[in-house]
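What follows is the residue order along each chain.
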Amino acid sequence: MIQYTLRRLGWSLLTIWLISIVCFFIIQAPPGDFVSVLMAQAEEDGRRLSAAQIEVLRERYALDQPWYAQYWAWMSGIITQGDFGYSFRWNRPATEVIMEYLPFTLLLAGGSMFLTWIIAFAIGIYTAVKRYSIGDYFFTFLGFIGLSVPNFVLALVFMYIAFAHFGMTVGGLFSPEYVEADWSVARVMDLLQNLAIPALIIATAGTAGLIRITRANLSDELVQPYVVAARARGQKENVLLMRYPVRAAMNPFISTIGYAIPSVISGEVIVSSVLSLPTTGPVLLGALRNQDMYLAGSFLLILGVLTVVGTVISDLILAWADPRVRRQHSGAAQ
Amino acid sequence: MTVVEERTMTTAGPEPAPLLQVSGLRVEFPTDERLVTAVDGIDLSIRPNEVHCLVGESGSGKSQTARAALGLLDPPGRITDGQIRYRLESGQELDLAQLKARGKQMRHIRGGEIGMIFQEPARSLSPMHTIGFQIAEAMRLHRGLSKPAAWEAAVEALKEVRIPRPELRAKAYPFELSGGMRQRAMIAIALAGQPRLLIADEPTTALDVTTQAQILRLLRRIQAERDMAILFITHDLGVVADMADEVSVMRRGEIVERQPVHSLFAAPQHEYTRMLLEATPKLREGRRAEASSSALIDQDSQGHGPAEKTKPLVEVKGLTKTFTLKSGVLGRRRRHLHAVDGVDLEILPGETLGLVGESGCGKSTLAKCLLRVEKPSAGSITHRLGNEQNQQDRAGQDVATAPEAELRGYRQRMRMVFQDPFGSLNPRMTVHDILAEPLRGDGPVARERLVELLELVGLEPEHLDRYPHAFSGGQRQRIGIARAIATDPAVLLADEAVSALDVSVRSQILDLLGELQDSRGLSYLFISHDMSTVEHLADRVAVMYLGRMVETAPTEALFADPKHPYTETLLSAVPIADPVRQRARERIEISGELPDPTEKPEGCPFRNRCRFAQEICALEAPELREVQDAEGNPTGRRSACHFAEELNLMGVQR
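Here the protein sequences come in this chain order: A and B.
Note that the numbering used here numbers the first sequence so that position 151 is 151, with each residue one more than the last.
Note that the numbering used here numbers the second sequence so that position 278 is 278, with each residue one more than the last.
No lab work stands behind these hints: they were computed from the structure.
One thing to keep in mind: the hints can contain errors.
[As the list claims (entries may be wrong)] Simulated restraints on C-beta separations:
(1) B:602 with A:1: 56 to 66 Å
(2) A:153 with B:105: 29 to 39 Å
(3) A:327 with B:194: 31 to 41 Å
(4) A:196 with B:466: 50 to 60 Å
(5) B:407 with A:110: 49 to 59 Å
(6) B:95 with A:1: 45 to 55 Å
(7) A:327 with B:373: 27 to 37 Å
No residue lacks a Cβ here, since even glycine has one placed at the ideal position from N, Cα and C.
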């Protein structure tokens, strides 16, 4: 297990390093270095950057040196000071911009993943055990609606229902009265309340897919001889269901950790726009459109790292949960 | 050293009340198209302490009968008629057919009164839990033990089913154990609730013959110790002859005959039973007489045969195939697995060479090397298979090292018949396409030629446009054979080609192989773990153990008078389909299991399971060498044992 963990970590570090190089070249892709862009911007505004300012910036990002030195300057800035570079669009350090949006995004991602799990777990097991029953068809129908309706439509519908019938404002992080308020228990409750609906909307699509996967997997496991064998030794039906086939069908759940994070951060642009949520998706999109390369590259780097981290986490949980993964990693693949 | 098996005979006296009495049982599976009646009104009664064998081919309903008794029918199966009366220790009778499948009473019956073991121990144990956990679960359910006490009991149970180092094994996952150990663990689970009836559903079918012998012996011992009845479901009449007190023969959902074992074999009443008995290849019968007169096979070395020694079609020398297993950080620790380790082999024109050994001994790897599906690590394969059309294939070329492009002609003359008739035919291709595929390289294929092929293997021309799923297992195997002979080969490799088939179908396929051999002069390399089929078919037999050839000899000589202790072990493990002979046999204790091939013992690979092992066996690996008779003359047989001449080993006597 230790060996397996070390090997996984080693490979992920290598992957992250490769990702950072790709991101660096994306940053470098537009013609001209970023100081010249900055100077052009300043001139448009009728200002001039002082020679000293320019010199400091060139020095900081090693712009007069070859590409590997520039790469090193960028990377060491990130690693030692958490300095991701400078955003022209926002006229602020990229780190500040990222830190403004990332925590909430992670909270939303975690929340929607949690919801996805709970719903998919319960319904997946139900539909697999009661295959071809009315309940199965009902949830299958519901699931396909969830799969096929675009999320932003769902978001609009939710907004309408919440506003028209419950008088709630959906959108944004906080209800109007709490936007400027100090942190308090009430404000946190309000935040969670406002989070619930976006999380639910984002969860629906993932849930539908996961329900189908769970149903298919569990259906395969339910007819396995070891289930019959457990029954034949006199175990109760509900105990043996959770203990044997459900346990074996859990693997796709664990695997979702790996890809849930990046999809929420990059993929929910439209939902976030509709609900005017301050997530990283719209910011990343804006950065790409405006050639705000340090910000875009930094986002891509963070996304890549989070994906790798998510994958490693799910691999390790998988190894912890499934002895076949844990014990056979070094075994004979014949 | 040898043990004569003692069997407890049921003492004569008043007939005891049956433990399980099935009457008029009917099991149906309603499907969309039609109603399938799996069990069609059968009567069956099992007395206390008896071993009752239920015999039949696949689909005869024997497993469904057992499952119905425990309420374990797969949906949509259900009992539509009849009773299954089970007699509790108190004398009270319960109709199991009336119990709720998920009710408390049925749960007590399962495991508490009736234990069950299954065909595939690998899949009948949860891969996510240790075997100790699964045994302890049964202990908690039926003995009301606490968790720690149940674990103790589980370790004790593992000891009782003769698993070495039970404390350690209890913590192992099923995939870390051998097939035999898994089945022992299953038996431990089934016995946890001290049942009075054990249902064993083909418990040894997936196991090697040596492991089968060990498991059967274990079951017999436990049955005697515990005064337990066994309902033993099998298709193998050899196992029946070994185990049964009473036998019921089942066909298409009906029991056609029921008799005590001795009278069943001596005087079968029903024609189906007679057919089964005839179709079962018995040791020491068959085509031997005609084959050995053909003068092709014996005297493969020295010249007291015909003046001109027959030249082998294929000659294998020192063939080795090594796999490298990586482990450790970044795969730095490597272990080498010599799947085939310096094997010499000859295939003569027109002969059938049987290749036997336990699974994992390298039989299939050897076959793959012969076809160059795997590239040998060392050694040579020379052949004289070249035919008129393939002049570019120089006879005598070394196939082991030849470039891929030059193998086409060789591969047309050396063809393979596979084990699994379902997996080896592409379900998306018609029979026409399947048969035409190997011929495509030589231009368009005439339909007449394919029809001719089909007729050769006993199929009809109209079958040509159907897909494989329209055929039964036996028919598919015929298609596989037709595909193999399409290129007019000289040698067919048959890797367990009949193992997946029912007895009656198997004998038809074996007959077909025999006919093709006679009409086309084919040579066969017949790979099988089934000794009695090999005995039936082969002219010569080669025995492999852990990648090495340990003995080669003409079939008759090998079976009557083995010259290697491993051959003796294999022979003694094969149950003979005749209760009188089977029970009169002297038994050789079969010790241990096939070791991990990466940890092959120094010296003789068989020494740690050999009952004759001496000091020299650990020091020196014996070469495969010519065995001499008492006067020091060569016998034309080879053995890789230091003591081949001195040992007096047990064969199979008539």
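Quick rundown of the hints versus the structure:
One distance hint, 56 to 66 Å for the beta-carbon pair residue 602 (chain B) and residue 1 (chain A), is violated here, with the actual separation near 32 Å. Distance hint check: the CB atoms of residue 153 (chain A) and residue 105 (chain B) are about 54 Å apart, inconsistent with the given range 29 to 39 Å. Range check, residue 327 (chain A) to residue 194 (chain B): Cβ separation about 32 Å, and the 31 to 41 Å hint holds. Against the hinted window of 50 to 60 Å, the Cβ-Cβ separation of residue 196 (chain A) and residue 466 (chain B) comes to about 58 Å, which satisfies the hint.
One distance hint, 49 to 59 Å for the beta-carbon pair residue 407 (chain B) and residue 110 (chain A), holds here, with the actual separation near 58 Å. Residue 95 (chain B) and residue 1 (chain A) have their C-beta atoms about 51 Å apart, which keeps the hinted 45 to 55 Å range intact. For the pair residue 327 (chain A) and residue 373 (chain B), the beta carbons lie near 30 Å from each other, so the given range of 27 to 37 Å is met.
The structure does not agree with the numbered hints 1 and 2 stated previously, though it agrees with the rest.
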